[in-house]
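This is what each chain is made of:
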Amino acid sequence: MGITIQQLSVFLENREGRLDEVLSVLAGNDINIVALSLADTAEYGMLRMIVSDPNRGKAVLKENGITSMLTDVVALRVPHETGSLSRAMHQIVEGDVNIEYMYAFANGEDASAVMKTDDPARVVDILRGSGFDVWEASEAYVSNIK
Amino acid sequence: MAAVSLENWVERIRDPKIECMSKDEMAALQGKRLVDVVERAYNHVDFYHKKMKDAGVEPGDIKSIEDISKLPFTTKEDLRDHYPFGLLAIPMKDVARVQGTSGTTGKLTIAPYSQKDVEVWGECVARGLTMAGLTSEDIIHVCYGYGLFTGGMGLDYGAQALGATAIPMSAGNTKRQMMCMEDLGATAFACTPSYALYLAESLAEAGAVDRLKLKVGIHGAEPWTEEMRKKIESILHINCFDIYGLCEITGPGVAQDCIHKEGLHVHWDYFYPEVINPATQEMCKDAETGELVFTTLAKEAMPLIRYRTKDLTSIDHSTCKCGRTLPRISKFTGRTDDMKVIRGVNVFPTQVETALLSIGGAVAPHYMMIVDREDNMDVLTVMVEVDESMFSDEIRKLDALRNKIAAVLKNALGISVRVKLVEPKTIQRSEGKAVRVIDNRDL
Chain A
1 MGITIQQLSV FLENREGRLD EVLSVLAGND INIVALSLAD TAEYGMLRMI VSDPNRGKAV
61 LKENGITSML TDVVALRVPH ETGSLSRAMH QIVEGDVNIE YMYAFANGED ASAVMKTDDP
121 ARVVDILRGS GFDVWEASEA YVSNIK
Chain B
1 MAAVSLENWV ERIRDPKIEC MSKDEMAALQ GKRLVDVVER AYNHVDFYHK KMKDAGVEPG
61 DIKSIEDISK LPFTTKEDLR DHYPFGLLAI PMKDVARVQG TSGTTGKLTI APYSQKDVEV
121 WGECVARGLT MAGLTSEDII HVCYGYGLFT GGMGLDYGAQ ALGATAIPMS AGNTKRQMMC
181 MEDLGATAFA CTPSYALYLA ESLAEAGAVD RLKLKVGIHG AEPWTEEMRK KIESILHINC
241 FDIYGLCEIT GPGVAQDCIH KEGLHVHWDY FYPEVINPAT QEMCKDAETG ELVFTTLAKE
301 AMPLIRYRTK DLTSIDHSTC KCGRTLPRIS KFTGRTDDMK VIRGVNVFPT QVETALLSIG
361 GAVAPHYMMI VDREDNMDVL TVMVEVDESM FSDEIRKLDA LRNKIAAVLK NALGISVRVK
421 LVEPKTIQRS EGKAVRVIDN RDL
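Quick note, the sequences are listed as chains A and B, same order. Just so you know, we're using my numbering here: the first sequence kicks off at 1 and counts up by one. Just so you know, we're using my numbering here: the second sequence kicks off at 1 and counts up by one.
Keep in mind that the hints were calculated from the coordinates and are not lab data. Please note that the accuracy of each hint is not assured.
[Claimed, not checked] Part of the chain B face toward chain A, derived, beta carbon under 10 Å: (1) 36; (2) 53; (3) 345; (4) 386; (5) 392; (6) 421; (7) 423; (8) 424; (9) 425.
If you're wondering where the values come from, they're calculated on a predicted model, not measured in any experiment. C-beta: ideal position from N, C-alpha, C; glycine also.
If we strip away everything but chain A, and leave its shape as in the complex, we get:
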């Protein structure tokens, strides 16, 4: 059972219509986007997504001349309660692990936080040890689909 899920990351030049191109390639190939984060700098953007089929997502983007990569990330399951994310984060900080970046998505009864860290196994240990759970790939890729 995998403790990490795969994120599809795309380097985007800041030019008109580029994001639209990426999204329409995915849509046209029936790839659902579960979660998305778009980071931008002055010169380029970084699109990070959790999708229904990361491997096929990478392949169809490549066929369309768009370079992407798959990254292992941890998807934390956080209850919809004030302070729950704060408590989870506190445990991670105590455990001395760096979070490179993070973004969240709502997911029915729970919320989810996607985290990129250098040591995913340790993060999962810490979280599970303090009563939190993480999404497994099979669940995360199909979440929110009715």
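Go by the hints and put chain B onto chain A.
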């Protein structure tokens, strides 16, 4: 895959009598041809008649090859002023074909050929193909453009003269190039170095390299570096040769390097090279860099006398390890045209290429230089493709890569450079000549 090592290399020389001729014998042949070409130019081309009169020289003053320094220079502007056929030395009915430059600077530069000029052209390219180890047994995949551009026709004539098999692919459609290269069993291919690299990467990506019979690449029409050559050679396991030419003189085949890769042998029985200081117009010594000047010693249709190429190089008249006495011009650093003066510093695109390749696998040598002027200050932006292997989802790592590239470029060029990372395979691959510099300054 048939990598050739220098140990079991058999040097082939197409015309040993000419290519290994003693300097004295060669000077006598060149002198005879110079006398003839000067006479033809003086008598049949008004422009040369007037130019020589103005300079106070008459055909009778030219008796040997040393007398060449008495003759005035011809420039690109002269060609432009006499566009299209003002410098023709034969009747139009004897012109067998016309080629031209890709016209990057506006109007075309036209080069007419007589039937004999075409034969000399093919012969010179065939000498180069032989230098690269090719024989009549070989299959040469020509993916230079066929058309006015001399690349496609030049290599085709060369393959024909050699008796080899030519596959006239012309440029473009990389998938079809790859398929034909494999299916038709090409043992050599010819195109610009930037397209060669693109094709090599595409072949490697498709896992097709091991299925090829390729052993030789013939590349020219744009300046390229030793690092670029090694990159293509290592991907395809072949030997790459640098072929040089310009359409005004004859197209590819004016010069090419041999297996020792220590400069490009000039076929100086047909194209007499001089290297001059572009500012003072004085002759450079061997190994001194200057502007390359050519006199076409046998050209019938459009003879050119002391034609200034704007290409920068140095010359070496010593005998090469391969046995040829043909002098060698060094691999080109660029054209005086490509050189940009940015904040008072001379910058050549090839310097950027060398610097990028020195970073290692992370950066592909596909780049574009953009020069702007902001608040009276020159700004150089270099767009660099991030190789798939170095692509990261972390902005911090990408910024670190960008800073590293900027530092390496600053060190190499002596000016600070803005680096813009762009998506892999987005900088246009040229099928003719790569455009490496866009100058937006209104100078």
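**Message:** For a quick check of understanding: which of the numbered hints are violated here, in increasing order?
**Reply:** 1, 2, 3
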